[in-house]
Amino acid sequence: MKTTGLAGFLKDAISAPGVSGYEEKVVAAVKEEMSGLYDEARTDALGNLIMLKRGIGRAPHPRIMLAAHIDEIGLMVTKIEDQGCLRVTQVGGIDKRILPGLEVIVYGKKELPGVVGAKPPHVQDPDEQKKAVKWEDLYVDIGLTGEEAQELVNIGDIITFAQSPIQLQGRFMAGKSMDNRTGVMVLFECLKFLRAMRHHADVYCVATVQEEVGLRGATTVTYGIVPDIGIAIDVGFGEQPSVPEHQGMSMDKGPGIAIGPVVHPKIFGRLKAIAKELEITVQTVPSPNPYGTDACSIQITRGGIPTALVSIPLRYMHTSVETVCLADIERAGRLLAEFIVRLDKKFVEELKCF
Amino acid sequence: MKDLLKKLAETFGPAGNEAQIRDVIREKVKGFVDEVETDAMGNLIAIRKGHGPRVMVAAHMDEIGVIVTHIDEKGFLRFSNIGGVSPFVLLGQKVIFANGTVGSCGMENLSEMKDLKLNKMFIDIGATDRDSASKKVSIGDIGGLYGEAHFIGDKVIAKSLDNRSGCAVLIKTLENLAERDIHNQIYAVFTVQEEVGLRGAKIAAYRVNPDIGFAVDVTRTGDTPESPAMAVKLGGGPTIKVKDSVVLTHPLVRQFMIDIAEKKDIPYQLEVLERGGTDTGPIHLTREGVPSGAISIPARYIHTPSEMADLNDIENAVKFLVAILESELGDRGTGYLTH
Amino acid sequence: MLLKTLTEAFGIPGQEQEIANILKEWISGNCDKVETDVLGNLIAIQSGKEGSPKVMLCAHMDEVGLMITFIEKSGALRFKPVGGIDPRVLVSKSVYIGRGRIPGVIGAKPIHLQKREEADVPFGIDDLFIDIGAKDKEEAERLVELGDGVIFTTTYEDLGTKRAKAKAFDDRAGCAILARLLTMDKKWSFTLQGVFSAQEEIDARGAQVASYRLEPDIAIVLESTTASDVPGSKKHLYSTMLGEGPALSHSDNRLLADPRILERLKEVAEKKNIPYQMRGLVGGYTDTSRIHLVREGVPCGAVSVPTRYIHSPASIIDKDDFENTFKLMVGFLDSIEERGLPF
Numbered sequence: 001m002k003t004t005g006l007a008g009f010l011k012d013a014i015s016a017p018g019v020s021g022y023e024e025k026v027v028a029a030v031k032e033e034m035s036g037l038y039d040e041a042r043t044d045a046l047g048n049l050i051m052l053k054r055g056i057g058r059a060p061h062p063r064i065m066l067a068a069h070i071d072e073i074g075l076m077v078t079k080i081e082d083q084g085c086l087r088v089t090q091v092g093g094i095d096k097r098i099l100p101g102l103e104v105i106v107y108g109k110k111e112l113p114g115v116v117g118a119k120p121p122h123v124q125d126p127d128e129q130k131k132a133v134k135w136e137d138l139y140v141d142i143g144l145t146g147e148e149a150q151e152l153v154n155i156g157d158i159i160t161f162a163q164s165p166i167q168l169q170g171r172f173m174a175g176k177s178m179d180n181r182t183g184v185m186v187l188f189e190c191l192k193f194l195r196a197m198r199h200h201a202d203v204y205c206v207a208t209v210q211e212e213v214g215l216r217g218a219t220t221v222t223y224g225i226v227p228d229i230g231i232a233i234d235v236g237f238g239e240q241p242s243v244p245e246h247q248g249m250s251m252d253k254g255p256g257i258a259i260g261p262v263v264h265p266k267i268f269g270r271l272k273a274i275a276k277e278l279e280i281t282v283q284t285v286p287s288p289n290p291y292g293t294d295a296c297s298i299q300i301t302r303g304g305i306p307t308a309l310v311s312i313p314l315r316y317m318h319t320s321v322e323t324v325c326l327a328d329i330e331r332a333g334r335l336l337a338e339f340i341v342r343l344d345k346k347f348v349e350e351l352k353c354f
Numbered sequence: 001m002k003d004l005l006k007k008l009a010e011t012f013g014p015a016g017n018e019a020q021i022r023d024v025i026r027e028k029v030k031g032f033v034d035e036v037e038t039d040a041m042g043n044l045i046a047i048r049k050g051h052g053p054r055v056m057v058a059a060h061m062d063e064i065g066v067i068v069t070h071i072d073e074k075g076f077l078r079f080s081n082i083g084g085v086s087p088f089v090l091l092g093q094k095v096i097f098a099n100g101t102v103g104s105c106g107m108e109n110l111s112e113m114k115d116l117k118l119n120k121m122f123i124d125i126g127a128t129d130r131d132s133a134s135k136k137v138s139i140g141d142i143g144g145l146y147g148e149a150h151f152i153g154d155k156v157i158a159k160s161l162d163n164r165s166g167c168a169v170l171i172k173t174l175e176n177l178a179e180r181d182i183h184n185q186i187y188a189v190f191t192v193q194e195e196v197g198l199r200g201a202k203i204a205a206y207r208v209n210p211d212i213g214f215a216v217d218v219t220r221t222g223d224t225p226e227s228p229a230m231a232v233k234l235g236g237g238p239t240i241k242v243k244d245s246v247v248l249t250h251p252l253v254r255q256f257m258i259d260i261a262e263k264k265d266i267p268y269q270l271e272v273l274e275r276g277g278t279d280t281g282p283i284h285l286t287r288e289g290v291p292s293g294a295i296s297i298p299a300r301y302i303h304t305p306s307e308m309a310d311l312n313d314i315e316n317a318v319k320f321l322v323a324i325l326e327s328e329l330g331d332r333g334t335g336y337l338t339h
Numbered sequence: 001m002l003l004k005t006l007t008e009a010f011g012i013p014g015q016e017q018e019i020a021n022i023l024k025e026w027i028s029g030n031c032d033k034v035e036t037d038v039l040g041n042l043i044a045i046q047s048g049k050e051g052s053p054k055v056m057l058c059a060h061m062d063e064v065g066l067m068i069t070f071i072e073k074s075g076a077l078r079f080k081p082v083g084g085i086d087p088r089v090l091v092s093k094s095v096y097i098g099r100g101r102i103p104g105v106i107g108a109k110p111i112h113l114q115k116r117e118e119a120d121v122p123f124g125i126d127d128l129f130i131d132i133g134a135k136d137k138e139e140a141e142r143l144v145e146l147g148d149g150v151i152f153t154t155t156y157e158d159l160g161t162k163r164a165k166a167k168a169f170d171d172r173a174g175c176a177i178l179a180r181l182l183t184m185d186k187k188w189s190f191t192l193q194g195v196f197s198a199q200e201e202i203d204a205r206g207a208q209v210a211s212y213r214l215e216p217d218i219a220i221v222l223e224s225t226t227a228s229d230v231p232g233s234k235k236h237l238y239s240t241m242l243g244e245g246p247a248l249s250h251s252d253n254r255l256l257a258d259p260r261i262l263e264r265l266k267e268v269a270e271k272k273n274i275p276y277q278m279r280g281l282v283g284g285y286t287d288t289s290r291i292h293l294v295r296e297g298v299p300c301g302a303v304s305v306p307t308r309y310i311h312s313p314a315s316i317i318d319k320d321d322f323e324n325t326f327k328l329m330v331g332f333l334d335s336i337e338e339r340g341l342p343f
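Residue numbers (the numbering used here), protein chains in the order written: chain A, 1 to 354; chain B, 1 to 339; chain C, 1 to 343.
Since the hints were made in silico from the structure, they are not lab data.
Accuracy of the hints is not assured; some may be wrong.
[Said to hold, decoys possible] Stretch-level coverage of chain B by chain C, calculated; a stretch enters the list once three of its residues show a Cβ under 8 Å from a Cβ in chain C:
#1 34 to 43
#2 63 to 77
#3 200 to 209
Glycine included, C-beta positions come from ideal geometry on N, C-alpha and C.
Bound-form chain A, shown alone (with noise of 0.2 Å):
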């Protein structure tokens, strides 16, 4: 493990790619720098980073996986027009609207800088001002001649973000990739309060892979582990001026515990009483709908799998300036490390009946 802490390894996470299903580079970061609080990390075939921390005691052990999504949004080369313009398409769900004028990464043969851009608005009918900017007229400019970009860059390049992580006042932070990179510091966090306590449960924590695409990661890794327990750690949506109190959770008052038909009542009810009995704040998240988060494929996979899920409060999410607390972090992270300390044998055969 570096010793970097858990601002300064946010920005390291945030500033590598990790694009849905080119997460190696990101993948290898982490791996690198949370050494030291596992036992044995591998690959699967989808590239799924899966670290193990043994448990003590006599076998068996009950096995829980926590799993953060490693990926990010970004774009993608679709075509390398005559005068060197690439033409893209999205990896995961972006507002288009936030792409003109943004800074990004192409990884090309080398990395290059550029800029999306499209059609001036001096240029552009009154009508077209009105109207937001469709995929098919954007464009990132790297500068080069079409013969340049050719040699370059070739269809399938992946694209990020460009922006630096930025440090805001008190305990907030903003940058690329925070949905969900956030979510992978949990896990970090959590490994680092468990160094100092006595844990029966094998604790598989995985960084999962394309999630943005459809949750794909999660629903092979889960397959492969068959754990006793899932807990999905993932971003969710953070109060913010236009985003009312009844569909944000607070920033800062802890990680949202979600209910609802993917978590089984008795993980959830758990999860609160430790946050109950050891004060650590934390927020219910009622989750009607069971799409949009690893939680989703892991609790059908096999013959079912008892499913939680732990969410970070995130502004703007999806964009380049999502902003997290990293108190809200660290106590994710802290809590997870509580529950995992308490899990035995009778608790998770209780799980197995509804």
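Go by the hints and put chains B and C onto chain A.
Coordinates of chains B and C only, in the frame set by chain A:
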């Protein structure tokens, strides 16, 4: 190749009704493999036994079509779509049912053509009333597009090149490999119900439990007037899929495929398909995950009765697939992934 | 009456325990094994001879409903739908909240205070709230918790001699038929797996894990499906009609039914003189969407009780259709006993 392609393209086989096309393919491949089996949904699995890694190659054999939902008093059939069928494409076309009944697709009187939807259309099979229509067609029957294949120079125009051209590639590949000694175990799967949601490949991949998977299908092109920006053209060679709606090809699988194409001097194109998916989607998410890639044949006017492809692309796809299947693949697909 | 008890009970997706308890009590004496699983599916097994085929019958316990997501300072409750509810049916309905059945009403801004144009725009979820009469947030919090489910208060009632009204015929009608099939005085030689599934309305999630675990050789889903034989609907878009018998599915959005099963169902109906109709709609999905693609695939069929106004506070069925669906399924099981599986 032309004869094979013509036979395959003209054979009836919309999703869920693959019996006829399955029989045709079974006859073609049985001499080239050790075993041929079918599963619960009708996937046809042709197996070359061996001792090496298990390689699954999927080409879907179903095609888009229509399903009868109502027969009215006058004998007109109301219908819905099987797979991606546009009402504008269907209008004025002929459809055919499994028993050979042919019908014409008409529409209600509409004030604006843009209001055309499938539920404003009907199929006329020349019946005079419900009873006479019911003797030929029942509710729930599925029909396919009807038409002959034509060859113009290097190009072919036919219905269902999606994905009978992929089936042709897979059959020819098995033929090519038949006399050769190869290390890999090959599971060539002609899948069902791809057009309605990649269904057949899902259960076939679970059954085969492959170490590595490939799909052969068609893809769109960006080489027609005012077409969307896409860097794939007819005649430019088979494509190596990078992305579609259901898969992001593992970068090492993509590189492995590029290396083979370059070593064997096979022309290829890289494919980023913005909308649409193929059997690699379910294959790569099977069980603990299967490294998977896809070869596509560029095709214009997909999901119409007049799809167009280039025979050179199809021939090159055969060479490409043969080269892939002959190459050394690691156990559980991880051999080359961990190099 | 089981159908009345079931339709009036509480069971939104993910909160099906009340339904499971009612059914468990009803069927336990007749089954070799009755258990619930991780997702809350209730699974009843009647074991057949060693090595005999495994026949799964599946009906889902959950109903579309609402979930409390926020409590306003005023004590008003915000909610979101669980499953596909048309928000236009919600305003001005009475509801029960949570397993404690706290009564409430769904309110909106009165018509008098709206602009003329507003009256033509349907209320969205965010325009609506539930009023339980609490004077403020504190009082509301004593009665209601975030995540509590919400159901309509509709009671079961006979309408005339042939028809009945209730909430949640989708799919308590199927549950009631399956419960009757599991409590008949018959001993099959095959293994009968009765699955009362959870979370069908949100992607058929319960059936996914139940069928993975049970590995059936064949599965039939007992459902309730749209009947739109109502004024303003064209005949070719009726889908099904009340009183015309059980509806057999040839396909829906996520299934092409196994033709051999469909054929067998038709044969049974014709032989036993049970009326049936073909479902004329290809939209929607059922638990078969998951079951038929589990592991190496499971041949599937779907039989439904035609139902008007599904996914709304009050739906209507024809009691003859309900009986005939039961009879058809008895005939189908008999046919497996006599002739084996249809493939």
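Going through the hints against the structure:
With 3 residues carrying a beta carbon less than 8 Å from a beta carbon of chain C, the region 34 to 43 of chain B meets the three-residue requirement, and the given coverage holds. Counting residues of the region 63 to 77 of chain B whose beta carbon lies closer than 8 Å to any beta carbon of chain C gives 4, which reaches the threshold of three, so the coverage claim holds. Residue count for the region 200 to 209 of chain B with a Cβ under 8 Å from a Cβ of chain C: 4. That meets the three needed, and the coverage hint holds.
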